[in-house]
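**Student:** If you read the protein sequences in the order shown, they are chains A and B. For the first sequence, the numbering used here begins at 1 and goes up steadily by one. For the second sequence, the numbering used here begins at 332 and goes up steadily by one.
No lab work stands behind these hints, which were simulated from the structure alone. Computed from a predicted model, the values in this text were never measured in an experiment. A hint or two may mislead.
Unchecked claim - So, partial list: chain B residues that the calculated Cβ filter (under 10 Å) puts toward chain A: (1) E376; (2) I457; (3) T469.
Think of the CB as a built atom: it goes at the ideal place given N, C-alpha and C, for glycine as much as any other residue.
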Amino acid sequence: MAKKRGQGIAAIIYGTGYGNGFPDVSSATVEIHDDGSATVHTGAVDCGQGSDTTLIQIAAQELGVSTENITLITGDTDSTPDAGTTAATRQTYASGNAVLRAVRVAKQKLLQYGASVLGVNTPEGLEMVKGVVSVKGYPQKQMSVAELAFQARFSGVRLLGEGTFVTHTTEVDPDTGQGAPYWPYAFGTQIVEVEVDTKTGKVDIIKAIASHDVGKAINPQNVRGQIAGAVAQGIGYALMEEVNLGEGRINNPNFSQYLLPTSMDMAEIEPLIVESDEPTGPYGAKGIGEPAMLPTAPAILNAIYDAVGIRLNSLPATPEKVLDLLVSKQE
Amino acid sequence: MAANLNLKVNGQEYQIKVDPAKRLLDVLREDLGLTGTKEGCGEGECGTCSVILNGKLVNSCLVLALQADKADILTVEGLAENGKLHPLQQAFMKEGAVQCGYCTPGMLLAAKALLDSNSSPTKEEIKLAISGNICRCTGYDQIIRAVESVVKARERN
Ligand code: FES
Ligand code: FES
Chain A
1 MAKKRGQGIA AIIYGTGYGN GFPDVSSATV EIHDDGSATV HTGAVDCGQG
51 SDTTLIQIAA QELGVSTENI TLITGDTDST PDAGTTAATR QTYASGNAVL
101 RAVRVAKQKL LQYGASVLGV NTPEGLEMVK GVVSVKGYPQ KQMSVAELAF
151 QARFSGVRLL GEGTFVTHTT EVDPDTGQGA PYWPYAFGTQ IVEVEVDTKT
201 GKVDIIKAIA SHDVGKAINP QNVRGQIAGA VAQGIGYALM EEVNLGEGRI
251 NNPNFSQYLL PTSMDMAEIE PLIVESDEPT GPYGAKGIGE PAMLPTAPAI
301 LNAIYDAVGI RLNSLPATPE KVLDLLVSKQ E
Chain B
332 MAANLNLKVN GQEYQIKVDP AKRLLDVLRE DLGLTGTKEG CGEGECGTCS
382 VILNGKLVNS CLVLALQADK ADILTVEGLA ENGKLHPLQQ AFMKEGAVQC
432 GYCTPGMLLA AKALLDSNSS PTKEEIKLAI SGNICRCTGY DQIIRAVESV
482 VKARERN
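Isolated chain A (complex conformation) (with noise of 0.2 Å):
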């Protein structure tokens, strides 16, 4: 006996936000200043995830603006809207919404003004990209936006918008398990390939491919991040990540007992983004925070199965309770 190798699958559905008719609402509010430039508030707070990024891009495209252009105030009590948590894989979707709301009602304002400035009977007949607004099919006319929201605020028109964003979910029927809990959902599929040690029990991690539906990436290397980042999780969920509790206390309360993978538990992580387009989302964009350590210990497992014919009915699969099943199995 050596070492094998085997391959295995797993697919999930998972429902982002709140859900289940929890109120789930996210708050955004936008000024675009003299210079063209614009801040925005709101309660949405980066963890690390990316959430600042993504919300300074999606105002930055909806004002036809750079990302430099945008300051972007998170997370302050005193001075932003509350967006609710950074949990539940929302932030992106709600917030981005929220966000996208607030800058298309200020940015309404600023096109109501060049409306009567560049001499075209509706807002409408305006565009507004790279920094300018022009009437559309007649280019030649146009304003800086910088210009436009000088002279507006200069005519009194301040441009401010507010957005608020909530998430339709309803209760399910405790009855029939029937109802709309979440909104939207989140689809991925990984495969894993591992390599038992049938000595020792100890499983490796060879390859892993993680493709998942994010809508819309944003951020494609954020997102990539997120997958690769939420692999490693799931790996560590799969193989060594137990918390120990005796008589009310964790026993292994740090990372020498407590186990997380280390740069050398890490296999190649393949990242694959799928964009279906979410109709309700900020440009087609939904969460990808929790959906992509979902697949990842399902699929391992599957694969210790494909490798060597056993089945864990617990998690994780230490070397130990590989090694118990092995032996039993030739028993």
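Using the hints provided, position chain B with the ligands relative to the given structure of chain A.
**Tutor:** Then chain B with the ligands, alone, in the frame of chain A:
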């Protein structure tokens, strides 16, 4: 009781009085205001407090400040030169090797210590060099790729 401590940090000399019970990590953060160095576990298990001390990578939470007397120390604040980011820092940005950023200062210094002693490490050597630094966000792949890209760029020159 306070004791005298002489330190050179990021090229600058310091002569300070410190509580002898303080760790190097505390002196860097509290006395010198260099908060780039982070504390994760405080017991030598996570590597977020990594600094380079006399050319060697150490966990500054495990070094008593007075043990570092007369030492030459590099923290993340000393990586950039003349306002220009170190090639490792640029590569981390380019490869998306930073998410929450908490592990980043330690990762950068672990990578720097590796490249100082081995100018063309293999992928396995890079993995080993950062294996004492825990990252909970990235899955390490982008960090390893960032270091590899610096190695490749050096080999080209
Ligand atoms: S804080 Fe020093 S190793 Fe964790
Ligand atoms: S980027 Fe968050 S711990 Fe490494």
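**Student:** Grab the minimum C-beta distance from I457 (chain B) to chain A and call the hint holds if it beats 10 Å, violated otherwise.
**Tutor:** holds (8 Å)
**Student:** Can you verify the interface hint for T469 (chain B): is its Cβ closer than 10 Å to any Cβ in chain A?
**Tutor:** Holds: closest Cβ of chain A sits about 5 Å from T469 (chain B), inside 10 Å.
**Student:** For the hint on E376 (chain B), just tell me whether its beta-carbon gets within less than 10 Å of chain A.
**Tutor:** holds (4 Å)
Checked against the numbered hints listed earlier, the structure breaks none of them; every hint is satisfied.
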